Amino acid sequence: MTFGPAERLGRSTTDFVLGLGKITLFSGQLLKAAFRRPFRFRRLMDELYNIGVLSLAIVIVSGVAVGMVLGLQGYNTLVRFGAEESLGAVVGLSLIRELGPVLTALLVTGRAGSAIAAELGSMVVTEQLDGLRMLSVDPLDFIVGPKALAMVIAMPLLAALFTVLGLMGGYLVGVLFLGVDPGSYLSALEASIDFRSDVVGSLIKGFVFGLLVAVISTYRGYTADPHSAGVSAATTSTVVIASVTTLIFDYLITALWGV
Amino acid sequence: MILGGSGSGKSTLLRMIGCLAKPDSGDIWIDGETELTCMPESQARRYRRNIGMMFQDGALLDSMSVYENTALPLREHTESKEDEIRKKVEQVFESVGLHEVNHLLPGELSGGMLKRAALARALIMEPAILVCDEPFSGLDPRTVRLVEALLMEVNHRLGITMLITSHEIPSTFRMASNIVLLMEGKALCGTPRELLASDDDRIRSFFADSVPESAFA
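Line by line, the protein sequences are chains W and C.
In terms of the numbering used here, the first sequence opens at residue 1 and continues consecutively.
In terms of the numbering used here, the second sequence opens at residue 1001 and continues consecutively.
The following block holds chain W by itself, in its conformation from the complex (with noise of 0.2 Å):
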């Protein structure tokens, strides 16, 4: 049976309206089940290691390679027109409002994002999910509900480690190799930037980040097919609509709150 483009359009929108329908459910039954009773607090501190500690390299890396990278671009862009002690603001205000939120949720994505969609992926392959459901244990409380708490937790602070990482990056490179003087920089740092809608708006950009890739790489690993092909698809789908997802929300926040 083939379909007009017309078809296929009207079947690619109702899957699509479906499947947001599903996510929403989704998310709803993980929220009930992070609040429910016996709070699995063993769990949580696994799964924050897991996604939270394990990703500290990458994010501590990746930081401090950011931060150099802008100290020196902003450097060479802001010497043509004498204002090189700027540089503090430009590198504080591009990582604390758009870079630190961002570039960690798409590291933390491809870090711990695809391992608990692969990892859950994997426990419905191997029915380990149905054998807790016939021990009468909710898979959702007792496996998906900390992976996805833990998450939502771990990205803010891995945010946050990742801008105050790049800010030194920035004042390495600024301050040490070319030369800034470390007290413009610093205060044309504090100057520009306000606690309230810079500092706050990032934590919140981090935590929103956060939801997002919990929620869609635990629903994308939950509701894999049960097969090596479903894994994989699992995997990767978590990767690219987790980051996609990222990129228009981090727009939608700034463009509807100014974070």
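Keep in mind that a hint or two might mislead.
[Said to hold, decoys possible] Rough simulated footprint, nothing fancy, chain W against chain C, three-plus residues with beta-carbon under 8 Å:
id	segment
1	1015-1025
2	1059-1068
3	1071-1079
Read the hints as simulated data drawn from the structure, not as lab findings.
If you're wondering where the values come from, they're calculated on a predicted model, not measured in any experiment.
Don't be surprised by glycine CBs; every beta carbon is placed ideally from N, CA and C.
Assemble the complex: chain W is given as a structure, and chain C must be docked to it using the hints.
Coordinates of chain C only, in the frame set by chain W:
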């Protein structure tokens, strides 16, 4: 025992009995009282406490040790203290012939040991019904006989109803009191003797390669 070729729906039938899957049409009744198909998940969770399920590949959580896997239902559904849990788990391990596996992960067990560990987890809550999905798959003939003997021993000792899917015809005839043969979307039921005495060509041809001609009445 539920017999049938690959893709005949044995595992799907067990999943429907475990309320893990819903049929495309029709209803499933337990004891003429409990209707499974429309059961909400919260009620299904209570219903499943009476069923122990041994999955084909064990389905143990691979991030937890065999001990933790077996103790999990006790931790989730009882108020038992840690030493009571330990005692109960050790008793079940002893009854299924598992020794010194407490700290091993499921991935570190052999096929036969994994089946025993899955059986131990299925029995830990003392279910009214034990459901086993292909307990002999992937095992060498000697281990098949060991697992078969173990299931028979559990059946006699605990006196619980057991529902087993298999495509191992010799094991089925040694173990079954009743057989459900799934063929061409139909369930043909009877005792082993009744099925062998059947003049239905489909049944005779299904058993032809595994049962000697003299066994047919």
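Okay, the hints, checked on the actual structure:
1. 1015-1025: holds (count 3)
2. 1059-1068: holds (count 4)
3. 1071-1079: holds (count 4)
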